[in-house]
Amino acid sequence: MTRVSGRTFLFFLLAAVCMVLLILSSSDRLGPVEGVVMTAGRPFLITFSGIGRQITNLVNTARDLATLRARNNQLQTVVDTLTIDNLRLKEIEAENERLRSLLRFAQLNPNYDFRGGQVIARVISKNPSNYLAAITLDLGAEHGIKPGMPVVTERGLVGRIHKVGPLSATVLLITDPSSGVPALIQRNRLVGVVNGRAGGAPVMDYIPQDAEITVGDLIITSGLGGEFPKNLVIGQVVEVRQRDYEMFQQATIRPTVNFDRLEFVQVITNFRPLPNQPDESDSVG
Amino acid sequence: MANRTQRRFRLNRRDLTGVYLTAAVLTLAVLAQATLLTRIRLGGASPNLLLVIVVCWSLLRGQTNGVLWGFAGGLGLDLVAGLPLGTSALALMVTCPLTVLGKDSVFPGSLTLPALLVALATPVFGWVVLLTKSVLGLPVDWLASTLYIIGPELALNLALTPVVYPVLRWLALQARAGHMGW
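Same order as they appear, the protein sequences are chains R and G.
Quick note on our numbering: the first sequence kicks off at 42 and runs consecutively.
Quick note on our numbering: the second sequence kicks off at 147 and runs consecutively.
The shape of chain G in the complex, shown without the other chains (with noise of 0.2 Å):
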C-alpha cells in the first residue's frame, strides 16, 4: 500500500516535470518571439518561432501534446502581441493535426518531413488568423498578407526548422527517458 502511494507520487512528480518543461519551453519562445526574432525581417515577416516549435512537438510527441503546446503557447502569444485572445492559440491547434502525415515516419532522424509540415503549416496557421480577424470584424487583405507575410514567414520557418528540430528532438528523447510530458 505504501510502497503503491509513493509509486504515484513519483508519477505525480514526473508530470509535473512535463508540465515545468513545457512551461520554460513555452515562456521562452513566446518571449524570443516577441523580442528577438521580431529582428529578424524578411519582407514584411519575422520567423514564427512557436509555430515551427509545435508542429515539431506535434510531430515528435504526437498531436494530443501538440494541441496543448499549440494551445498555451498560442494564448501567451495573443497576450504579448495584442491580438484578440485565443487567436493564435486557435490557428496553433489547427496545424497539429497536419502532422498525421507525418506519423509513423521511418526516417526520425530527418529533417525533411518537419521542414514539408512547417511549409504546409504555415499559410494555414496564417489562414486562420487572418479568417479569425476577418470574422471579428477586422479588415483583411488575403492576397496581400498571403503574398508578402505568409510567403517570407514560410522561408523563415523553413530556415528556422532545422535549428528547432534537433533541440526538441533531444529534449523529447530526454522527456521519453524520464516519462516526461503532458
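Isolated chain R (complex conformation) (with noise of 0.2 Å):
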C-alpha cells in the first residue's frame, strides 16, 4: 500500500479545507464569520490607507523636490518647506471641493437618502485582489448598508455594495467582469448592458446592429431590472466595435468615476426599484 508524506497530506487536507470554505463562502454562509473579521481588521486598514496616502503625496513631494533643486539650488530649503506646506494645503482645498461637490450632488438629488461616514463614505482599500475590481468602504451593517445598493460619487456611478460587514462594506466595481449594469445611451435611448471587463476599460454590449452610436455619446444607467437608479451617469463612448457578421454592436466606455482616485463616496440606501424612479429629464451627476 503507498504511504502518503505528512506533506502531501497536510497540502490536501488545507486545500480540503478551501474548498469548503469556499462552498460556505460562496452560499454567504460565512458572512458573520467574515463580518468579525473585517471589523477587527478594519482599524489596521483605515491606518495603512493613510500611511499609503501619506507615501504618495511624500512621493509626489519628491518629485516635485527635485525639479525645484534642478531650477534653483540657492532657494532649495524654502521651497522645499514651501512645497510640502502647499501640497497640504491643496490636499485640504481638494478636499474641500470633492466634499462640496458630494454635498451639491446630494443636494440636487433629493429623492436619495445618502449614508457615510455622516454623510459620506471613506475608501480605505482599492482592489486588494488583481482579480476582484472592488473597494472596501468604512460603513457597513451598522451604518444601515445593504447588499446590492448602488454606490455613486459626483461624477457618475460607481458600483455596487458587494459584501457587508458590521463596520465595512465590499463595493464592487462597475469595471469588474462580473458587474453588469443596464444602461442606455442618452441621446437616442437605446438600452444595452455595460459589463467590466478583465484590465480593460467597460464596454457596452447588446446594442443592436442597426442603431446609431458614435464616439462621445454619454451612457447612463436604464434603471431597468431595477438594480441601479434611472440616469446615472456611467462613462462615455470612446470607441465602437461593429461588424457585420455579429449580432450587436460593442461599445467601450470611459467611465466618469476614476477609479484610480476614488477617496470618498456615496451609498443611495432608499433605492427602490422602477416605480419610484425620478423622470428621464432628471439628470443626475
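Incorrect hints may appear among the rest.
A short, non-exhaustive set of chain R residues, derived as facing chain G with CB atoms under 10 Å [claimed, not checked]:
| hint | residue |
| --- | --- |
| 1 | Leu63 |
| 2 | Ser90 |
| 3 | Val100 |
| 4 | Ala103 |
| 5 | Arg104 |
| 6 | Ala107 |
| 7 | Asn171 |
| 8 | Thr177 |
| 9 | Leu213 |
| 10 | Ser219 |
Here chain G is said to cover these stretches of chain R; the calculated rule only asks that three of the stretch's residues, wherever they fall, bring their Cβ under 8 Å from a Cβ of chain G [claimed, not checked]:
| hint | stretch |
| --- | --- |
| 11 | 54-60 |
| 12 | 202-212 |
| 13 | 239-246 |
| 14 | 300-311 |
To be clear, the hints were calculated from the coordinates, so they are not data collected in a lab.
Backbone N, C-alpha and C define an ideal beta-carbon position, used for all residues, glycine too.
If you follow the hints, you should be able to join the two separate chains into one complex; please do so.
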C-alpha cells in the first residue's frame, strides 16, 4: 500500500478546508465570521490606507523637489518648506472641493438618501486582489448598508455593495467582469448592458446592429432590472466595434468616475426599483 | 525530569515565536497588499506581494512552510479583498509545489531562481483563481485576464522579488538560528 507523506497529507487537508470554505462562502454562510474579522481588521486598514496616502504625497513631494532643485539650488530649503505646505493645503482644498461636490450632488437629488461617515463613505482599500475590481468602505451593516445598494460619486456610478460586514462593506466596481449594469445611450435612448472587462475599460454590449452610436455618446443607467436608479451617469463612448457577422455592436466606455482616485463615495440607501424612479429628464451626476 | 520539562517548555516557546513571526509577516503583507501596493498599477494589475512572499518562503524553508503561509495569508487576502473565502488560499498553496524545482539549489543567494519561480507561480496563481471563479459560476474572460492582469502582474512581481527575497532570506536565517518557524 502506498504511504502518503505528511507534507502531501497537509496539502490535501488544507486544500479540502479551502474547498469547504469556498462552498460555504459562496453560499453566504460565512458572512458573520467574515464580518467579525473585517471589523477587527478595519482600524489597521484605515491606518495603512492613511500611510499609503502619506507615501503618495511624499513621492509627489519628492518629484516636485527634484524639479525645484534643478531650477534653483540656492532657494532649495525655502522651496522645500513651501512645497510641502502648498501640497498639504492643496490636499485640504481638493478634499474640501470633493466634499462640496458630493453635498451639491445630494442637494440636487433629494429623492435619494445618502449614508457615509456622516454623509460620505471613505474608501479604505482599493482592488486588494487583481482578480476582483472592488473597494472597501468604512461603513457597514451598522450604518444601514445592505448588499445591492448603488454606490455613486458626484461624477457618476461607481458600483454596488457586494459584501457587508458590521463596520465595513465591499463595493463591486462597474469595471469588474462580473458586473453588469443595464444602461442606455442618452442621445437616442437605446438600451444595452455595460459589462466590466478584465484589465480594460468596460463595454456596452447588446446594442442592435442598426443602432446609431458614435464616439462621445453619454451612457447612463436605464433602471431596467431595478438594480440601479435611472439616469446615473456611467461614462462616454470612446470606441465602437461593429462587425457585420455579429448580432450586436459593442461600445467601449470610459467611465466618468476615476477609480484610481476614489477617496469618498456615497451609498444610495433608499433606492427602490423602477416605480419610484425620477423622470428621465432629471439628469443625475 | 525537571530538565526535560524545562526543555519542552523552551521548545514550545520557540514554536510560539515562529507562529508570532508568521502572523506578523503575513498580517503586514496582507495589509500592505490591500492598501499600499494597490497604488502601484501597471495595466490592470498591482504587484502580488503575498504570492512573492509565499514562493520565496517556500523556497527558503520548504514546501510545508510555504503551504501553511499560503493558506493563512490567502485567507487573509480573501477576507480583505471580498473574494470567496479560500480562493487565494487555494491558489497560493498550489504554487508551493513549484519550488521543488529549486530544491537543493547550489546558489541559495542568487536571485535568478526565486525570480524564475515567481515567474512560473504568477500565471499558475492567476489561472487557479480564474478557475475557482469559473467553477463558482462567475464570468471569466481567460484571454483578457491573462493578457491584461497576469502579464503586468508577472512583471511587477519580478520587480518585487529582489526586494522581498533578501529580507525573507535574512528572516529565514534568523529563524533557523533560533529554531523558529512552523
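A quick look at each hint next to the structure:
1. Leu63: 4 Å, holds
2. Ser90: Hint holds; R/Ser90 Cβ to chain G Cβ min 5 Å, cut 10 Å.
3. Val100: 9 Å, holds
4. Ala103: R/Ala103 check fails; min Cβ-Cβ to chain G is 15 Å, beyond 10 Å.
5. Arg104: Since chain G brings no Cβ nearer than about 14 Å to R/Arg104, farther than 10 Å, the hint is violated.
6. Ala107: Given a least distance of 19 Å, the restraint on R/Ala107 is violated.
7. Asn171: At 5 Å from the nearest chain G Cβ, R/Asn171 passes the 10 Å test, so the hint holds.
8. Thr177: 7 Å, holds
9. Leu213: Cβ of R/Leu213 sits 8 Å from chain G, so the hint holds.
10. Ser219: 5 Å, holds
11. 54-60: With 5 residues close enough to chain G, the hint holds.
12. 202-212: holds (count 3)
13. 239-246: This one holds; 3 residues, not fewer than the three required, reach chain G with a Cβ under 8 Å.
14. 300-311: Our answer is that it is violated, as 1 residues pass the Cβ test (under 8 Å) against chain G, missing three.
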